[in-house]
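Student: Here are the chains, one letter per residue:
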Amino acid sequence: MIMRDYPSSFQLFFILKGSVIPKIYGKIIGVAVLSIAVLLVDQLLWELPHVSIGAMGIFGVALSLFLGFRNNAAYDRWWEARKLWGNMIADIRNLGRSLTIFMPDSTKHREILSLAVAFAHLHRGFLRGVDASDAVTPWIGADLAKSLSARKNPANAALNELSQKIKDDQSLSGFGQLKIAELLLSLGASQAGCERIVTTPLPYVYSLLVRRTTYLYCGLLPFALIESTGWFAPFFSAVVAYVFFGLQAVTNELELPFRHVQNGLALDAMCRTIEISVCETLDLDPPADWAVVDHVLT
Amino acid sequence: MIMRDYPSSFQLFFILKGSVIPKIYGKIIGVAVLSIAVLLVDQLLWELPHVSIGAMGIFGVALSLFLGFRNNAAYDRWWEARKLWGNMIADIRNLGRSLTIFMPDSTKHREILSLAVAFAHLHRGFLRGVDASDAVTPWIGADLAKSLSARKNPANAALNELSQKIKDDQSLSGFGQLKIAELLLSLGASQAGCERIVTTPLPYVYSLLVRRTTYLYCGLLPFALIESTGWFAPFFSAVVAYVFFGLQAVTNELELPFRHVQNGLALDAMCRTIEISVCETLDLDPPADWAVVDHVLT
Amino acid sequence: MIMRDYPSSFQLFFILKGSVIPKIYGKIIGVAVLSIAVLLVDQLLWELPHVSIGAMGIFGVALSLFLGFRNNAAYDRWWEARKLWGNMIADIRNLGRSLTIFMPDSTKHREILSLAVAFAHLHRGFLRGVDASDAVTPWIGADLAKSLSARKNPANAALNELSQKIKDDQSLSGFGQLKIAELLLSLGASQAGCERIVTTPLPYVYSLLVRRTTYLYCGLLPFALIESTGWFAPFFSAVVAYVFFGLQAVTNELELPFRHVQNGLALDAMCRTIEISVCETLDLDPPADWAVVDHVLT
Amino acid sequence: MIMRDYPSSFQLFFILKGSVIPKIYGKIIGVAVLSIAVLLVDQLLWELPHVSIGAMGIFGVALSLFLGFRNNAAYDRWWEARKLWGNMIADIRNLGRSLTIFMPDSTKHREILSLAVAFAHLHRGFLRGVDASDAVTPWIGADLAKSLSARKNPANAALNELSQKIKDDQSLSGFGQLKIAELLLSLGASQAGCERIVTTPLPYVYSLLVRRTTYLYCGLLPFALIESTGWFAPFFSAVVAYVFFGLQAVTNELELPFRHVQNGLALDAMCRTIEISVCETLDLDPPADWAVVDHVLT
Amino acid sequence: MIMRDYPSSFQLFFILKGSVIPKIYGKIIGVAVLSIAVLLVDQLLWELPHVSIGAMGIFGVALSLFLGFRNNAAYDRWWEARKLWGNMIADIRNLGRSLTIFMPDSTKHREILSLAVAFAHLHRGFLRGVDASDAVTPWIGADLAKSLSARKNPANAALNELSQKIKDDQSLSGFGQLKIAELLLSLGASQAGCERIVTTPLPYVYSLLVRRTTYLYCGLLPFALIESTGWFAPFFSAVVAYVFFGLQAVTNELELPFRHVQNGLALDAMCRTIEISVCETLDLDPPADWAVVDHVLT
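Residue numbers (my numbering), protein chains in the order written: chain A, 1 to 298; chain B, 1 to 298; chain C, 1 to 298; chain D, 1 to 298; chain E, 1 to 298.
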């Protein structure tokens with residue numbers, strides 16, 4: 001996730017970090033070059049068939065419909081993913097508070113909360129496709145870390161382990177069991193929600209429709225601009241290509257919000273937030289906040 | 001569901017699997033041919049009445065309104081269906097955890113969770129209109145599978161059977177009964193949600209309005225393009241037909257998300273995910289993930 | 001509710017059942033006739049003031065804004081209404097399961113579930129403004145049916161009666177009381193939700209604004225089409241009138257989703273679904289599914 | 001709230017009650033007069049600078065964006081407010097049912113439900129800024145009515161009083177306390193939701209932006225219509241002014257849905273619905289429905 | 001938050017407080033000056049390349065798409081933030097009522113509710129990045145205020161402290177523990193929701209795309225207006241710049257709703273509402289409402 005102040009009006013045009021331009025400059029240049037070629041041929045060699053700007057307008061409304069829909073859907077996924085992680089942060093903090101209220105035997109609090117931290121890291125590992133063992137081991141020891149990681153769904157296994165711990169405690173009243181079970185179940189629901197997002201991309205057919213339509217649009221545009229913008233055409237084509245290819249590139253990133261990309265969610269930082277909260281609940285020294293490196297929070 | 005990486009810019013135009021083109025190429029060609037005919041008659045025989053591109057723009061805004069609405073509504077159905085199945089996955093996992101916490105007599109866990117797996121398969125069978133007996137039998141035996149399948153609503157009958165099992169267990173405390181009953185009730189709510197989607201299509205009148213409007217639009221378009229795009233007209237008509245008929249075809253698939261089509265939900269794979277989770281909870285050997293065949297996950 | 005397969009491309013233009021055309025053909029013809037008149041006067045008698053198609057475009061965007069908003073709002077009401085009924089189906093099934101788990105004295109199950117079926121029918125009667133006594137009597141007897149129907153809000157009275165039954169049962173534990181009370185309360189919430197939809201139409205002022213604007217638009221359109229579509233104008237006007245009046249007519253039906261109209265919700269069929277579920281829970285012979293008659297499910 | 005049947009096509013243009021025209025006719029006439037003046041000056045005195053209709057189109061898209069957003073946001077507030085009141089109706093009915101189930105000492109039911117009715121009236125009074133003492137006194141007596149009204153937040157004080165009553169009852173089991181407390185808490189949440197809507201208008205800056213933009217748009221329009229609509233211009237201007245100022249006036253009313261205006265919510269009628277439900281629960285004679293006076297339900 | 005009546009039509013154009021103009025007048029003037037320069041050069045020196053207004057229309061639709069999306073997303077954040085604070089107000093009031101019902105030892109009520117008030121202030125301090133000690137000390141004393149403020153997340157620490165208080169009370173039944181724990185957990189969830197909003201801005205790439213596109217649009221507009229609006233061009237450019245830069249400036253403020261800006265949420269006033277409710281619950285003299293100063297409620 002990019003963390004950066006709003007640039008001044010001047011800086012605005014020179015920022016690359018966090019911009020989508022490095023990903024699409026090839027396409028922008030391609031469209032501009034095509035536009036120049038069309039102009040030159042039309043002026044110097046023979047007249048090309050023109051497309052009226054009104055016809056492009058019809059096409060543009062349809063393209064906006066597609067891009068707008070896909071953008072909304074992708075952003076909703078991104079924001080829902082963030083909400084699910086926010087729920088997990090709240091649930092783990094609330095787990096600490098529920099232990100305080102309902103489990104008199106405070107020696108077990110640390111063990112249980114450590115397992116909850118491990119759950120968060122294992123879940124992050126699963127979502128990003130990375131190995132989270134190093135982050136997990138300090139909390140639950142190498143043996144358990146290894147045995148959990150060996151499961152097909154390590155985060156789910158961590159929650160199962162947690163329920164075993166709850167069951168074994170004799171000091172919990174029925175009310176305490178009920179409340180703490182509810183928090184585990186809520187963690188399970190958030191986890192399944194994230195899995196839903198990661199295993200179910202937007203229907204593939206949309207991506208094809210949108211991408212193909214964008215290419216066709218930007219390929220036809222130079223023929224429409226001959227008349228309506230004259231020698232502005234290459235610049236104008238490039239701007240429109242920037243707008244449409246740019247929106248599409250953004251959407252691709254937000255659609256799968258857990259990946260390790262610039263606009264992905266800051267899962268490392270959120271796991272650290274969980275660690276800090278757990279440490280403060282257990283009266284341990286909390287670690288430092290996860291650092292923003294080169295404007296990026298991972 | 002299509003599972004496929006983003007194609008390169010070059011490949012993009014040659015992908016058919018997952019594309020909507022095989023379903024609508026007839027219409028695209030039809031519109032292009034009409035456009036050529038209109039052009040030829042207009043140029044060679046007698047001048048046809050032209051429609052100004054501005055008038056088509058007015059029409060196009062209305063059509064976009066319809067298509068956009070229908071697309072959003074269909075996508076919402078598809079995504080809600082996916083959420084409901086995600087809830088069922090989470091609820092069945094959570095059922096396992098609740099049994100761990102609340103039901104000391106662990107000999108019954110397997111029986112109960114097997115019945116939950118059977119519920120998922122029977123529900124899938126109901127939604128897709130297929131026979132799920134083969135998938136159910138290994139979990140609950142042929143007799144019970146048969147008697148459940150004989151009911152009008154087998155998945156509902158499986159949940160009723162589950163509640164019978166809960167009732168019969170003497171080791172459950174009242175709190176355990178409460179929590180586990182809540183999970184059954186949540187499964188019942190998700191099941192009813194899926195039934196709602198499958199039995200209530202989008203109002204039929206929308207389909208008529210949208211389809212008729214699309215046909216009229218694409219039929220009038222060639223008359224509008226004579227002037228504004230010249231010899232580009234057939235190509236342009238085909239592109240616009242691709243865009244509008246394509247969106248409509250996508251929408252038709254997403255509207256009924258449980259069907260066995262390319263962009264339908266991967267119910268088989270989700271039932272397998274449930275089986276894996278249940279096996280891991282019961283310390284059994286989990287089966288392999290459901291395989292993607294030819295880019296399609298069923 | 002219309003239940004019908006997608007028509008072929010050819011059939012599409014000849015379907016009347018489920019179409020909005022029988023409701024608006026007068027207006028479509030009116031607009032076409034006006035357009036012919038304008039054309040004839042303009043060509044044969046004296047030149048009429050023209051409206052540029054661009055000006056109509058501005059107007060059209062505003063009209064689309066109105067129609068789009070109203071359509072979304074009406075569809076949301078329709079779909080929310082369907083969700084509330086879906087919740088009631090799930091709650092009544094879940095009531096059966098909760099009785100299994102929590103009420104050992106199974107002799108009362110039938111009485112309680114019959115009352116729940118009666119609730120559904122009385123609620124349907126209230127929403128549609130019809131007398132549901134005939135449907136209710138077989139379940140709860142003529143006397144109770146009569147006394148409930150005499151109340152101002154019979155469905156609410158049925159729920160009150162249900163809570164009396166719960167109170168009178170001595171075999172229910174506190175947990176059972178809690179869970180079953182929650183289901184009654186959830187039924188009460190769904191019922192109040194339906195009442196909200198039925199007693200609170202969309203703000204009247206929207207209907208006026210939208211209808212007046214549509215009339216003005218279709219009245220001005222022929223003056224704009226003289227220039228831009230020539231002799232296509234009557235046809236074009238008729239198509240646009242079909243689109244805008246059609247969308248408005250659809251919206252009127254969806255706005256009040258409980259009425260006995262073609263696109264209203266299938267309350268009869270849903271009450272039957274409830275009856276089937278209750279019969280299967282009580283091991284009684286379930287009745288047949290509610291039949292689709294002439295493509296309409298009531 | 002306006003309660004009125006759909007008018008016939010003829011009546012449609014002569015309805016004033018429920019229409020927005022009485023509030024904006026000054027502006028409509030102003031725009032029409034300006035348009036006539038512009039036309040006359042342009043034709044008779046000297047040519048005015050024209051604005052192309054295309055430029056107005058760009059402006060119009062932006063204005064539609066603003067008006068559409070503000071309209072959606074205002075309608076959402078109106079509908080959420082209605083939902084919150086619907087929840088309160090359901091909660092008070094459910095309170096009656098919960099008392100039946102959980103509080104054997106039925107002598108207190110009346111006292112508690114009367115206090116709930118008083119809560120609804122005091123809440124209505126707070127939201128509308130009116131004195132609700134007259135409506136409250138018959139239910140809870142003059143003394144308590146007075147002491148509650150003296151608080152800064154009388155409705156909240158009524159809920160506090162209710163919780164005192166619950167606490168004092170010895171016949172309630174813990175389960176009963178829990179369930180009834182949840183209903184009180186739900187009433188408190190709905191009340192706070194209504195307060196949120198009433199104390200947090202839409203950001204003021206939107207109102208300025210939208211209103212200013214509408215004025216500028218309608219002021220520039222006559223210059224654009226000289227060319228594109230000729231002598232239709234005054235009529236056309238008036239229609240567009242009707243559309244845009246009309247939508248804005250509607251939005252102003254819906255934004256604060258509790259006020260005593262034509263399109264405000266029918267709080268009086270909903271309080272009466274609550275009274276009827278409580279009377280029927282207590283087997284008292286229910287009062288008549290709140291009457292629609294001159295098509296308005298308050 | 002701006003609290004101000006709707007201005008009259010005349011005042012409307014002279015209001016600065018609450019308007020976005022003071023923030024963007026530089027840009028508006030810049031665009032107007034550019035437009036004058038373009039006009040003069042084009043008329044007096046040499047003809048500049050024109051951009052057709054139709055081409056700008058295509059661009060304008062794309063820009064509207066971006067601005068509309070970003071505006072909706074920012075407003076949703078603002079409104080969700082307000083809902084979360086509304087939930088906290090309701091939860092703290094409900095905490096008071098739950099103490100009444102479930103905690104017979106009323107001597108502790110004050111202590112617990114004071115801590116809840118402190119939680120609200122500390123949370124406000126965290127969100128706004130200000131020191132809330134002065135507001136907290138009168139409620140919980142200087143020592144506790146200091147020790148809480150020393151934590152990394154003081155509001156979370158206050159909730160942990162609250163759960164300690166609940167645990168220590170012997171007079172609470174299990175039901176009371178359960179209900180009150182749920183309220184604490186709900187406060188924790190709202191707090192985490194606010195943290196989510198404050199730590200996760202809208203994806204940075206959107207801000208870049210939107211701002212760059214707006215600049216490009218307003219920079220190209222004067223070339224398009226030469227033809228289509230003539231000497232109106234500078235005025236027209238300024239108006240369009242006002243609309244687009246204005247919407248963008250509004251969006252920037254709503255995106256981070258907790259900041260101490262004109263359109264930020266009135267956190268001070270909401271904390272005061274909580275104080276008043278707590279005082280009224282404890283029968284203490286409530287403080288005055290937070291005052292609106294110069295039309296601004298902080």
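Since the hints were made in silico from the structure, they are not lab data. A couple of the hints might just be wrong.
[Said to hold, decoys possible] So the derived list for chain B, only partly shown, Cβ under 10 angstroms to chain C, looks like this:
hint, residue
1, Arg4
2, Pro7
3, Ala32
4, Leu34
5, Ala37
6, Leu39
7, Val41
8, Trp46
9, Gly57
10, Ser64
11, Lys167
12, Gln177
13, Arg211
14, Asn252
[To be verified] Keeping only pairs whose Cα atoms sit at most 20 angstroms apart, straight-line, the calculated EDC-like set for lysine to aspartate or glutamate is:
hint, chain 1, residue 1, chain 2, residue 2
15, E, Lys152, A, Glu280
16, E, Lys23, A, Asp5
17, E, Lys165, A, Glu80
18, E, Lys83, A, Glu80
19, B, Lys167, B, Asp76
20, A, Lys165, B, Asp283
21, E, Lys152, A, Asp143
22, E, Lys167, A, Asp283
23, B, Lys83, C, Glu80
24, B, Lys167, C, Glu80
25, E, Lys167, A, Glu182
26, A, Lys83, B, Asp105
27, A, Lys146, B, Asp283
28, C, Lys83, D, Glu111
29, C, Lys165, D, Asp105
30, E, Lys152, A, Asp285
31, A, Lys83, E, Asp268
32, D, Lys152, E, Glu255
[To be verified] Here are the simulated distance ranges between beta carbons:
hint, chain 1, residue 1, chain 2, residue 2, range
33, B, Ala291, A, Asp131, 50 to 60 angstroms
34, D, Cys279, C, Ser133, 19 to 29 angstroms
35, D, His295, E, Tyr6, 50 to 60 angstroms
36, D, Ala142, E, Asp105, 32 to 42 angstroms
37, D, Ala142, E, Gln170, 13 to 23 angstroms
38, C, Leu12, D, Leu284, 56 to 66 angstroms
39, C, Met3, B, Pro22, 21 to 31 angstroms
40, E, Gln164, A, Asp289, 37 to 47 angstroms
Yeah, the Cβ is synthetic: ideal placement off N, Cα and C, and Gly gets one too.
Student: Next step is simple, just say for each hint if it's right about the structure.
Tutor: Right, here's what the structure says about each hint:
1. Arg4: violated, 27 angstroms
2. Pro7: This interface hint is violated because 30 angstroms lies over the 10 angstroms limit.
3. Ala32: For alanine 32/B, the interface hint is violated, since the closest Cβ of chain C sits about 16 angstroms away, which is over 10 angstroms.
4. Leu34: Violated. Min distance 14 angstroms.
5. Ala37: With Cβ-Cβ at 17 angstroms, over 10 angstroms, it is violated.
6. Leu39: Violated, because the Cβ-Cβ distance from leucine 39/B to chain C comes to roughly 17 angstroms (cut-off 10 angstroms).
7. Val41: violated, 15 angstroms
8. Trp46: Constraint on tryptophan 46/B not satisfied, violated at 13 angstroms.
9. Gly57: holds, 6 angstroms
10. Ser64: This interface hint holds because 8 angstroms falls under the 10 angstroms limit.
11. Lys167: holds, 5 angstroms
12. Gln177: Given a least distance of 6 angstroms, the restraint on glutamine 177/B holds.
13. Arg211: holds, 6 angstroms
14. Asn252: holds, 7 angstroms
15. Lys152/E with Glu280/A: holds, 8 angstroms
16. Lys23/E with Asp5/A: holds, 17 angstroms
17. Lys165/E with Glu80/A: Since the Cα atoms of lysine 165/E and glutamate 80/A sit roughly 34 angstroms apart, the hinted pair is violated (cutoff 20 angstroms).
18. Lys83/E with Glu80/A: Holds, because 17 angstroms separates the two Cα atoms, which is no more than 20 angstroms.
19. Lys167/B with Asp76/B: Status violated; Cα separation ~37 angstroms.
20. Lys165/A with Asp283/B: holds, 17 angstroms
21. Lys152/E with Asp143/A: violated, 32 angstroms
22. Lys167/E with Asp283/A: holds, 17 angstroms
23. Lys83/B with Glu80/C: Holds. Lysine 83/B to glutamate 80/C sits at ~17 angstroms (cutoff 20 angstroms).
24. Lys167/B with Glu80/C: violated, 34 angstroms
25. Lys167/E with Glu182/A: holds, 19 angstroms
26. Lys83/A with Asp105/B: Violated, because 37 angstroms separates the two Cα atoms, which is more than 20 angstroms.
27. Lys146/A with Asp283/B: holds, 16 angstroms
28. Lys83/C with Glu111/D: violated, 35 angstroms
29. Lys165/C with Asp105/D: holds, 16 angstroms
30. Lys152/E with Asp285/A: holds, 11 angstroms
31. Lys83/A with Asp268/E: Distance ~26 angstroms between lysine 83/A and aspartate 268/E Cα, so the pair is violated.
32. Lys152/D with Glu255/E: Distance ~33 angstroms between lysine 152/D and glutamate 255/E Cα, so the pair is violated.
33. Ala291/B with Asp131/A: 50 to 60 angstroms: 25 angstroms Cβ-Cβ, so the 50 to 60 angstroms window is violated.
34. Cys279/D with Ser133/C: 19 to 29 angstroms: holds, 23 angstroms
35. His295/D with Tyr6/E: 50 to 60 angstroms: 26 angstroms Cβ-Cβ, so the 50 to 60 angstroms window is violated.
36. Ala142/D with Asp105/E: 32 to 42 angstroms: holds, 34 angstroms
37. Ala142/D with Gln170/E: 13 to 23 angstroms: violated, 41 angstroms
38. Leu12/C with Leu284/D: 56 to 66 angstroms: holds, 59 angstroms
39. Met3/C with Pro22/B: 21 to 31 angstroms: holds, 28 angstroms
40. Gln164/E with Asp289/A: 37 to 47 angstroms: violated, 26 angstroms
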